[in-house]
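Protein chains: 2
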Amino acid sequence: MLVPMSNVYAVIMAGGAGTRFWPASRLLRPKQLLPLAGDGEESLLAATVRRLAPLVPADRIVVVTGEHLAEATANAVPGVPRSHILSEPAPRNTAPCIAWATATVARLDPEARVMVLPSDHFITDEGEFRRVLERAIETASSGRVTTVGIVPTRPETGYGYIEVGEALGDTAGHAKRVVRFVEKPDRAGAEGFYRSGKHLWNAGMFFFRASDMAQLVKDHLPALSEGITTIDEAARNGTEAETVRRIFPTLPSVSIDHGVMEKAEGLAVVPGDFGWNDVGSWQSAWELGAQDSSGNTLAVGSVAIDAKRNLVRTSGKGKKVVALVGVSDLVVVETEDAILILPRERSQDVRLVVEALRASGRTDLL
Amino acid sequence: MLVPMSNVYAVIMAGGAGTRFWPASRLLRPKQLLPLAGDGEESLLAATVRRLAPLVPADRIVVVTGEHLAEATANAVPGVPRSHILSEPAPRNTAPCIAWATATVARLDPEARVMVLPSDHFITDEGEFRRVLERAIETASSGRVTTVGIVPTRPETGYGYIEVGEALGDTAGHAKRVVRFVEKPDRAGAEGFYRSGKHLWNAGMFFFRASDMAQLVKDHLPALSEGITTIDEAARNGTEAETVRRIFPTLPSVSIDHGVMEKAEGLAVVPGDFGWNDVGSWQSAWELGAQDSSGNTLAVGSVAIDAKRNLVRTSGKGKKVVALVGVSDLVVVETEDAILILPRERSQDVRLVVEALRASGRTDLL
Numbered sequence: 011m012l013v014p015m016s017n018v019y020a021v022i023m024a025g026g027a028g029t030r031f032w033p034a035s036r037l038l039r040p041k042q043l044l045p046l047a048g049d050g051e052e053s054l055l056a057a058t059v060r061r062l063a064p065l066v067p068a069d070r071i072v073v074v075t076g077e078h079l080a081e082a083t084a085n086a087v088p089g090v091p092r093s094h095i096l097s098e099p100a101p102r103n104t105a106p107c108i109a110w111a112t113a114t115v116a117r118l119d120p121e122a123r124v125m126v127l128p129s130d131h132f133i134t135d136e137g138e139f140r141r142v143l144e145r146a147i148e149t150a151s152s153g154r155v156t157t158v159g160i161v162p163t164r165p166e167t168g169y170g171y172i173e174v175g176e177a178l179g180d181t182a183g184h185a186k187r188v189v190r191f192v193e194k195p196d197r198a199g200a201e202g203f204y205r206s207g208k209h210l211w212n213a214g215m216f217f218f219r220a221s222d223m224a225q226l227v228k229d230h231l232p233a234l235s236e237g238i239t240t241i242d243e244a245a246r247n248g249t250e251a252e253t254v255r256r257i258f259p260t261l262p263s264v265s266i267d268h269g270v271m272e273k274a275e276g277l278a279v280v281p282g283d284f285g286w287n288d289v290g291s292w293q294s295a296w297e298l299g300a301q302d303s304s305g306n307t308l309a310v311g312s313v314a315i316d317a318k319r320n321l322v323r324t325s326g327k328g329k330k331v332v333a334l335v336g337v338s339d340l341v342v343v344e345t346e347d348a349i350l351i352l353p354r355e356r357s358q359d360v361r362l363v364v365e366a367l368r369a370s371g372r373t374d375l376l
Numbered sequence: 011m012l013v014p015m016s017n018v019y020a021v022i023m024a025g026g027a028g029t030r031f032w033p034a035s036r037l038l039r040p041k042q043l044l045p046l047a048g049d050g051e052e053s054l055l056a057a058t059v060r061r062l063a064p065l066v067p068a069d070r071i072v073v074v075t076g077e078h079l080a081e082a083t084a085n086a087v088p089g090v091p092r093s094h095i096l097s098e099p100a101p102r103n104t105a106p107c108i109a110w111a112t113a114t115v116a117r118l119d120p121e122a123r124v125m126v127l128p129s130d131h132f133i134t135d136e137g138e139f140r141r142v143l144e145r146a147i148e149t150a151s152s153g154r155v156t157t158v159g160i161v162p163t164r165p166e167t168g169y170g171y172i173e174v175g176e177a178l179g180d181t182a183g184h185a186k187r188v189v190r191f192v193e194k195p196d197r198a199g200a201e202g203f204y205r206s207g208k209h210l211w212n213a214g215m216f217f218f219r220a221s222d223m224a225q226l227v228k229d230h231l232p233a234l235s236e237g238i239t240t241i242d243e244a245a246r247n248g249t250e251a252e253t254v255r256r257i258f259p260t261l262p263s264v265s266i267d268h269g270v271m272e273k274a275e276g277l278a279v280v281p282g283d284f285g286w287n288d289v290g291s292w293q294s295a296w297e298l299g300a301q302d303s304s305g306n307t308l309a310v311g312s313v314a315i316d317a318k319r320n321l322v323r324t325s326g327k328g329k330k331v332v333a334l335v336g337v338s339d340l341v342v343v344e345t346e347d348a349i350l351i352l353p354r355e356r357s358q359d360v361r362l363v364v365e366a367l368r369a370s371g372r373t374d375l376l
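So the sequences go chain by chain: A and B.
Our numbering numbers the first residue of the first sequence as 11 and each following residue consecutively.
Our numbering numbers the first residue of the second sequence as 11 and each following residue consecutively.
Misleading hints may appear alongside valid ones.
Only pairs whose alpha carbons sit at most 16 Å apart, straight line, appear in this in silico EDC-like list of lysine to aspartate or glutamate [unchecked claim]:
| hint | chain 1 | residue 1 | chain 2 | residue 2 |
| --- | --- | --- | --- | --- |
| 1 | B | Lys329 | A | Glu173 |
| 2 | B | Lys273 | B | Asp229 |
| 3 | A | Lys194 | A | Glu176 |
| 4 | B | Lys194 | B | Glu176 |
| 5 | B | Lys194 | B | Asp267 |
| 6 | A | Lys273 | A | Asp374 |
| 7 | B | Lys329 | A | Glu138 |
| 8 | A | Lys228 | A | Glu272 |
| 9 | B | Lys318 | B | Asp302 |
| 10 | A | Lys318 | A | Glu355 |
| 11 | B | Lys208 | B | Asp288 |
| 12 | A | Lys329 | B | Asp347 |
| 13 | A | Lys329 | B | Glu173 |
| 14 | A | Lys228 | A | Glu173 |
| 15 | B | Lys329 | A | Asp374 |
| 16 | B | Lys194 | B | Asp302 |
| 17 | A | Lys329 | B | Asp374 |
| 18 | A | Lys194 | A | Glu272 |
Hints listed in this document are in silico derivations from the structure and should not be mistaken for laboratory results.
Throw the hints in and build the complete structure from the sequences for me.
Set out below in structure tokens:
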């Protein structure tokens, strides 16, 4: 290990309420609480905590989620102290989330170094992932707010990019200067970024000393900084819960990218190439699942005849047998109360179903 | 009414154990016990009994089925006397079935005229259907064994045909001479039959005086006739059940078409054109269902977005919502323990699933 990790804390952002995995995902059972990658029963959030274990033990992990998800989240990561599950009474995007979690960590250890990680991604090479995290923490230890950028594997238009500059001499050699953060590009832009060799995917991972982030928030988002200070003082007086409920919903709703990163100077980025997947849709779940020789990712007991490249998931009572004959490239998902069938390439259109159900008053299915 | 129907009995053949409607149909829940046509809950068998009511009351209906289906069959047609549900201890094809039922009817009324009908067909124009039955019974009353032939609507290769001869002068004008019964033709043969105007579909409906059929069986299938005589004598002595169990499995297994109809002289046929459908596959169920403006026949509460000409059936607990996006011409059937998905045009391939399940020992799903 290059860096002593004793004062490193992880903040896991687990507030997502995506609809892209309907019918498996619901308002009270969002993506990060589902076992969407691979074939086991481990939720994406539990996997996130588990893969950190050699670097950051569970009692130095803070998980931020929505109030309505607090219980389910705590149950999903039993190793994380209950007091480390922070419940947002209202979603205010990532800047308030990270600022609050950072203040919480700083009370535990004013010298803390913090890694902020999403809760709902999949990593193939966990060893390499941890090595990259170490490099990023090492870089952040020098006072540079650092991000990890994913080495692109295709000209993706669905992600933001980070333009990379020269190697930073004051770090251990892996870190480079961030030239700028770039919004999701169009097709031509994505092709250019992919060919440039100078652009990485922004995967929403950030590394910093707690004091550095507090200063950046103070500099760029003073209203947020003030609100967090109020909450922090209340926490020191044992009245955090009611203060959060009063103050948090009034904080500026802004992303850490827009609110801080795009304005900050001297940011560093460490390239990461560890088999990253943001598990963005059923298409991703198919890619990450164990495919048989016909390219099918099937539920146990399924029958597939002349059927290729399908994803089948069942979670309803009794584990029904799913029989496919002569169909290809479909997503088939069964739950207690619903069945979804659509072509894999239209995975994003799950939202159309959610909208239709909302419009027809079937909120019980959302 | 042209003919007094007072001594007319109906024999309904309900021994089918089809697998073509898996997963809805099972060994103990065959096609005729399922509500496969239209959108109600009425089984095909119950519909068969109901549509006869103006012509033949339920207490003059005899239903022949397999021993294992006797209870379910009796429950499906509560108006039919329990003693009129004949249970075959082993399937021996249609000739023993019809001969036994005919003997049973003849004990009730030696002058009985009998109509033999399948239990698993769908009829659109029930009034016309009954008018055709009346004509057929009238023709049979003169001593000619009569069948109803369906006027073809397409060059179908899946049915046998009846070649029609000249009008029979000794009948009321609708009946024609049967030239011959023809096996299922190849494509070219079917095209020729369809164009000829001289061929009708053999729908397995037969009309005769009980005494005429007994004589035909005696003439052409003497071993069967002998066995039925033994059973009939036992029935008169109150020992039918054990005699059937002993004798029936030894009767020659032969169809009424091969064993009797193709050998008999002077047969008559009455053309029928009343919207007949043999409900042969999920394709038929889609055709017969209420299609929405996109051609979908859906279960209640389904969501269909950019989805056309699909059939969706649910019968599992809780009536799941089925959401279809961007898929067309599929069959989707959900039951308590299984989900089937296949293209409508491959409806016949349901049997491949049944074979695969049998091969893998999943007899609980058959």
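Hints and how they fare:
1. B:Lys329 - A:Glu173: Answer violated: B:Lys329 to A:Glu173 is near 51 Å, above 16 Å.
2. B:Lys273 - B:Asp229: Holds - the C-alpha atoms of B:Asp229 and B:Lys273 are around 10 Å apart, at most 16 Å.
3. A:Lys194 - A:Glu176: Judged against 16 Å, a Cα distance of about 23 Å means the pair is violated.
4. B:Lys194 - B:Glu176: violated (23 Å)
5. B:Lys194 - B:Asp267: holds (13 Å)
6. A:Lys273 - A:Asp374: violated (42 Å)
7. B:Lys329 - A:Glu138: Violated, at about 47 Å.
8. A:Lys228 - A:Glu272: Holds, at about 15 Å.
9. B:Lys318 - B:Asp302: holds (9 Å)
10. A:Lys318 - A:Glu355: Holds. A:Lys318 to A:Glu355 sits at ~14 Å (cutoff 16 Å).
11. B:Lys208 - B:Asp288: Answer violated: B:Lys208 to B:Asp288 is near 21 Å, above 16 Å.
12. A:Lys329 - B:Asp347: At roughly 7 Å apart (the allowed maximum being 16 Å), B:Asp347 and A:Lys329 satisfy the hint.
13. A:Lys329 - B:Glu173: violated (51 Å)
14. A:Lys228 - A:Glu173: violated (26 Å)
15. B:Lys329 - A:Asp374: holds (14 Å)
16. B:Lys194 - B:Asp302: violated (34 Å)
17. A:Lys329 - B:Asp374: holds (14 Å)
18. A:Lys194 - A:Glu272: holds (14 Å)
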